[in-house]
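Residues per chain, in single letters:
Protein chains: 2
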Amino acid sequence: MGSLDSNTPTDHAAGQFSPLDPEEFRRQAHQMVDFIADYYRKIETYPVLSQVQPAYLHSQLPQTPPYRPEPMDAIMKDVQSQIIPGITHWLSPNFFGFFPATVSTAAFLGEMLCTCFNSVGFNWLASPASTELEMVVMDWLAHALKLPSSFMFSGTGGGVIQNTTSEAVLVTLVAARDRALGVHGIDFLSKLAVYASDQTHSTFSKACRIAGINPANIRSLPTSVEGGFALSPAVLRSAVEEDLAAGLIPLYLCTTVGTTSTTAVDPIGALADVARDYGVWVHVDCAYGGSACICPEFRHHLNGVDLVDSVSLSPHKWLLSYLDCCCLWVKQPGSLVRALSTNPEYLKNKPSESSSVVDFKDWQVGTGRRFKSLRLWLVMRSYGLANLQSHIRSDVRMARMFERLVRSDPRFEVTGGKFMLRFAVGATLTEERHVLAAWKLIKEGADGLERS
Amino acid sequence: MGSLDSNTPTDHAAGQFSPLDPEEFRRQAHQMVDFIADYYRKIETYPVLSQVQPAYLHSQLPQTPPYRPEPMDAIMKDVQSQIIPGITHWLSPNFFGFFPATVSTAAFLGEMLCTCFNSVGFNWLASPASTELEMVVMDWLAHALKLPSSFMFSGTGGGVIQNTTSEAVLVTLVAARDRALGVHGIDFLSKLAVYASDQTHSTFSKACRIAGINPANIRSLPTSVEGGFALSPAVLRSAVEEDLAAGLIPLYLCTTVGTTSTTAVDPIGALADVARDYGVWVHVDCAYGGSACICPEFRHHLNGVDLVDSVSLSPHKWLLSYLDCCCLWVKQPGSLVRALSTNPEYLKNKPSESSSVVDFKDWQVGTGRRFKSLRLWLVMRSYGLANLQSHIRSDVRMARMFERLVRSDPRFEVTGGKFMLRFAVGATLTEERHVLAAWKLIKEGADGLERS
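These protein sequence lines are chains A and B, in that order. Here the first sequence stands for residues 12 to 463, numbered as in my numbering. Here the second sequence stands for residues 12 to 463, numbered as in my numbering.
The shape of chain A in the complex, shown without the other chains (with noise of 0.2 Å):
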């Protein structure tokens, strides 16, 4: 561990705080560059799940905070004897848990860089760059998916970054709302219905209960192990038709490209036909599948989104990003900007009100936001189309190895069926060993059940 020194007592003492001095930044962020490295090397020591009970920490830490200044290196300690027990250790190569959260040494450099910079780029004018970079980094995306150029800003359309999957799914429900209202009322919203398939993340209802969408109108729409619980077109239809005849105004569609519990792929295509003719809002998550259409081998599962109102895939899962950072790119800005803008006086200014420029807070639900294209941009750019690619082909054979293996113990199957192991391979630093340790573990399982 990094030794990170105390704080120059000198300074305090004059009666001058100085929490910014460049050469004591140096200094200390140095010493943290080598306790993270350090933290990366050993990872694999770490027990992947944290052994620490419900409020392990309350009793460790003081009730209030402290009144004067403690040493840095004091603080560090206590991150190593007090934190790092209580961390669920996401990058361990060893982590096969929820899906990956991947991460990379250029995404920590750009990450650094965001944070150095701290401009808060609500509009073009508070920091162009944050505001320009963004542009060419979601265009770049938008290339490598083969996203239509309906959806990039060298287009008619464009992208932009969220926190979340919650959040792109949230404005761009609200953009759709709105769009409805706008024509029906105001008095219609509780009478707009939502549609998704059994398979979807919980996170789609929720924005639409936070969208003051009927609770009532949300529909789960049910699929089957014969279907790949994917969604099936006719299913969405005759709920469509239904609502219609309930006197619903139908407005959403939510598909799935890499469903959470079973990796299932929505025919995006064909759900977006049925919705056109509705004036449905379709939307595809995609939020880690999508990650793999870089690859032309995997792209076909992006078919059908030049149909497509909205798409949303967060690197942060599975192209190396750190969170959070989830790219939403849409064909009609308009419907977003409409829905979400505000302009107040004290934000007024020249570039913004002549419409020559892109003002990102009326894409999203803060005002303020981060230089988080920094990251992306230092991904592709230090890596490579030809790197990413190779990533992702890599964890495909990681989890096609780990398949075979299953396969060839009678005691296990490749399920379709209700009770599973949900073994997710993708975290940064796995390679097979690791698969084949997770391997062994299981099976020695399997033996202790037999032997009882």
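Source of the hints: derived by calculation from the structure; they are not laboratory data. Treat the hints with care, as some may be off.
One copy or two, it doesn't matter: identical chains are merged, so the pair holds either way.
[As the list claims (entries may be wrong)] Okay, derived cross-link-like pairs now, SDA-like style, lysine to any residue, Cα gap no bigger than 25 Å in a straight line:
{"id": "1", "residue 1": "Lys88", "residue 2": "Pro65"}
{"id": "2", "residue 1": "Lys451", "residue 2": "Ala435"}
{"id": "3", "residue 1": "Lys202", "residue 2": "Ile229"}
{"id": "4", "residue 1": "Lys451", "residue 2": "Arg408"}
Nothing here was measured: the structure is a model prediction, and the numbers come from that model.
Using the hints provided, position chain B relative to the given structure of chain A.
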């Protein structure tokens, strides 16, 4: 500028892509530390406001991402030549626009740690330390602000870190909304009415629109020069009575301690007294103003806070914490959880089901969340309340010095009128000499106007 060398090509050539090699990380991150320290050292040499024209970056960057990796050295040259000219330098000591976004070495180190662990603390189990340190730190800051124990985990309430004030307002508004609709039924959504003064940040009406509040029922109550632009309890009462008479349901009042345009302070105790008569949820937005209340001599601005339902304060504004970090305290966490909880199969776990732990995903819009409390923890421990207080006092002292300068020149007045110069002191690096230089510039502008 530090030199960040190319990725080791041997890795790629060998077909082995290693995006998080600890020694490569160490080497490149050390170089980035030097780059950033050098940037902070020379930050005064940059024009505060970026001088670029709209679309300046578009022509400098390729339209598509690179296929092959590029050396980090080349990327950092572009940061210097293409990105930095497009940045409005919020950290410059000569930055007196908008509101300051303050920073510190300790917060930077905390952000590096947060990024390092990349733990995704949506529920307790996903990373216990992330949840528990946040609980401790939220209580610490509540203590520093002398909030009543009804807002603390050690009492009967609790706090959570949101990204921005917008989200803090949105989630409390949704909690209040769903509490009301639970009584009246979903069909009354368009009858709910919300209140704030005409000085309230635009983010309030935006949050209301997102939550599906009828735009016709968003009251922007008048304030006056004579009243110091504070919201009058009598004005509130008459607006609420009028809405009741019209068959509406008064729902939510957003008060402000330190408005954006004129730093007005609403009398929160007296307003809460009115609101309580009608069962209206009262929120205090003290995004920047609340930070001053860690000093006993300014604490009176929060008098009456024991009567409200929720309070939000953004340490990224005036407590040295970098973006984004908005602390939200609520008296009844259960009301947030009822409105925002999700419980999908893939996130079920024993600690959550036993209700022995807090799952912060149910206190916010998104699911995923970063380990943000590390930043605040390092700031509070590394500097101590003593230094944080002296930081606030130093800014106030400089603002008063500027006021004296203005009063000493008969051509200017400290305004209560309609058009004004807004001069916001508080960037981390600002010293008296920067304020004096800005005043010299303003006087020269006035000289020019007089001559013309």
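Right, here's what the structure says about each hint:
In this assembly of identical chains, lysine 88 and proline 65 lie within 25 Å of each other by CA distance solely inside one copy; the values are 22 Å within and 48 Å between copies. Proximity of lysine 451 and alanine 435 under a CA criterion of 25 Å is satisfied intra-copy only: 16 Å inside one chain copy versus 62 Å between copies. In the homo-oligomer, the alpha carbons of lysine 202 and isoleucine 229 lie at most 25 Å apart both inside one protomer (11 Å) and across protomers (22 Å), since each shortest distance falls under that limit. Taking the shortest alpha-carbon separations for lysine 451 and arginine 408, only the intra-copy value of 18 Å comes in at or below 25 Å, while the best inter-copy value is 66 Å.
Hint check: no violations occur; every hint is consistent with the structure.
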